[in-house]
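> Produce the entire structure from the sequences given, and follow the hints as far as they go.
Number of protein chains: 2
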Amino acid sequence: PSRLPGYATHQVGVAGQISQRKIIKLVNRSKLKNTWKFPGGLSEPGEDIGDTAIREVFEETGIKSEFRSLLSIRQQHRSPGAFGKSDMYIICRLNPNSFTIDFCHHECLRCEWMDLNALAKTENTTLITRRVARLLLYGYREGFDKIDFTMEELPAVYTGLFYKLYHKHLPDNYKTMTGID
Amino acid sequence: PSRLPGYATHQVGVAGQISQRKIIKLVNRSKLKNTWKFPGGLSEPGEDIGDTAIREVFEETGIKSEFRSLLSIRQQHRSPGAFGKSDMYIICRLNPNSFTIDFCHHECLRCEWMDLNALAKTENTTLITRRVARLLLYGYREGFDKIDFTMEELPAVYTGLFYKLYHKHLPDNYKTMTGID
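Protein chains in written order, with my numbering: chain A, 0 to 180; chain B, 0 to 180.
Take these hints with a grain of salt, some might be off.
One copy or two, it doesn't matter: identical chains are merged, so the pair holds either way.
Unchecked claim - Under the rule of at most 27 Å between Cα atoms (straight-line distance), these lysine-lysine pairs were calculated in the DSS-like manner:
(1) Lys-63 - Lys-174
(2) Lys-36 - Lys-174
(3) Lys-120 - Lys-163
(4) Lys-120 - Lys-174
(5) Lys-145 - Lys-174
(6) Lys-36 - Lys-63
(7) Lys-163 - Lys-145
(8) Lys-36 - Lys-120
(9) Lys-145 - Lys-63
(10) Lys-163 - Lys-63
(11) Lys-174 - Lys-163
Hints listed in this document are in silico derivations from the structure and should not be mistaken for laboratory results.
In structure tokens:
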């Protein structure tokens with residue numbers, strides 16, 4: 000096979016999940032059945048994952064938030080909404096900075112804060128929303144460090160550029176290899 | 000802004016990291032300075048992350064391996080190799096099924112098994128390779144569950160399709176909400 004890269008193969012969608020006891024959600028008109036989902040949408044070109052989540056949450060719900068961590072990644076091929084491309088859907092954990100909902104009536108039927116425990120148990124949602132709600136409930140009770148990929152900005156090999164790297168929290172002594180045999 | 004999705008915005012590169020005490024690596028001719036890197040390359044259209052890692056590791060090193068987990072994600076914009084697109088680079092943990100190196104002379108100057116501890120300490124590599132080597136050393140010593148996003152295949156809302164979902168290990172009682180108040 001050719002070793003030349005071809006072209007972009009993925010669209011990247013990002014959803015934001017508010018990491019408080021209550022969580023914000025949406026009804027999506029575009030499905031046959033109304034389901035509760037996390038607010039989210041597609042990345043703009045050149046946009047960081049966390050910025051997409053914050054922007055989409057604000058556009059769809061009116062809630063201001065800040066990025067905390069990356070929780071989950073889904074890779075899906077041949078989905079109808081991806082125009083023949085593959086779909087990478089990334090779920091972020093956000094903290095809210097405001098609480099008054101002012102939602103987008105083009106994209107949502109309803110928008111509410113919902114108790115995380117109730118969301119983890121409801122059947123009226125998608126499999127991925129339920130799963131991530133349960134993951135978040137686990138993190139809320141046992142510590143978010145159990146579920147988070149944290150983010151760090153590092154300099155790229157190309158002068159002046161930076162990238163964002165996400166992985167599990169690494170203790171400082173391992174980051175610097177200080178006192179590690 | 001338009002709510003219509005535009006087009007694919009990301010290329011997805013995947014690297015494989017062998018989760019044994021020794022780790023396989025490469026010298027890359029394409030950089031000004033030779034550096035040790037993990038084997039890896041771009042996803043083919045429709046290819047799963049883990050399959051890309053396994054294929055690239057085999058093509059570049061001759062080593063057969065199997066997928067274990069997702070370790071880290073890097074998002075980078077405006078990198079010279081991405082043709083104006085953004086770059087999503089995903090590092091997987093693999094287990095080797097073979098050990099004899101037969102490497103690709105187009106893509107590597109040299110290819111060797113290297114002690115993970117030595118790799119974590121060497122300066123002769125990229126920042127991301129060193130960081131992930133340290134993450135892997137931490138997981139090797141403290142348990143890979145500390146660093147892994149595990150994978151599960153779940154049915155999509157579109158009949159007959161499945162997707163792969165990656166997140167931290169979630170205890171079974173949380174997955175099913177059995178005995179959880």
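> Does each hint fit the structure? Answer for all of them.
Now for the hints, and whether the structure bears them out:
Proximity of Lys-63 to Lys-174 under the C-alpha cut-off of 27 Å is found in neither arrangement, the shortest distances being 32 Å within a copy and 30 Å between copies. Proximity of Lys-36 to Lys-174 under the C-alpha cut-off of 27 Å is restricted to the inter-copy arrangement: shortest distance 18 Å between copies versus 37 Å within a copy. In the homo-oligomer, the alpha carbons of Lys-120 and Lys-163 lie at most 27 Å apart only across protomers (22 Å), although the nearest pairing inside one protomer, at 34 Å, exceeds that limit. Proximity of Lys-120 and Lys-174 under a CA criterion of 27 Å is satisfied inter-copy only: 10 Å between copies versus 39 Å inside one chain copy.
Taking CA atoms no more than 27 Å apart as the test, Lys-145 paired with Lys-174 passes in both settings, with 19 Å inside one copy and 15 Å between copies. Taking the shortest alpha-carbon separations for Lys-36 and Lys-63, only the intra-copy value of 18 Å comes in at or below 27 Å, while the best inter-copy value is 40 Å. Taking the shortest Cα distances, Lys-163 and Lys-145 sit within 27 Å of each other both inside one copy (21 Å) and across copies (21 Å). Taking the closest pair of Cα atoms, Lys-36 and Lys-120 come within 27 Å of each other only inside a single copy of the chain (14 Å); across copies the shortest separation is 44 Å, beyond that limit.
For the homomeric pair Lys-145 and Lys-63, the shortest alpha-carbon distance inside one copy (25 Å) is at most 27 Å, but the shortest distance between copies (31 Å) is not. For a Cα distance limit of 27 Å, the shortest separation of Lys-163 from Lys-63 inside one copy, 22 Å, qualifies, whereas the shortest one across copies, 30 Å, does not. In this assembly of identical chains, Lys-174 and Lys-163 lie within 27 Å of each other by CA distance solely inside one copy; the values are 16 Å within and 30 Å between copies.
Checked against the numbered hints listed earlier, the structure breaks hint 1 alone; every other hint is satisfied.
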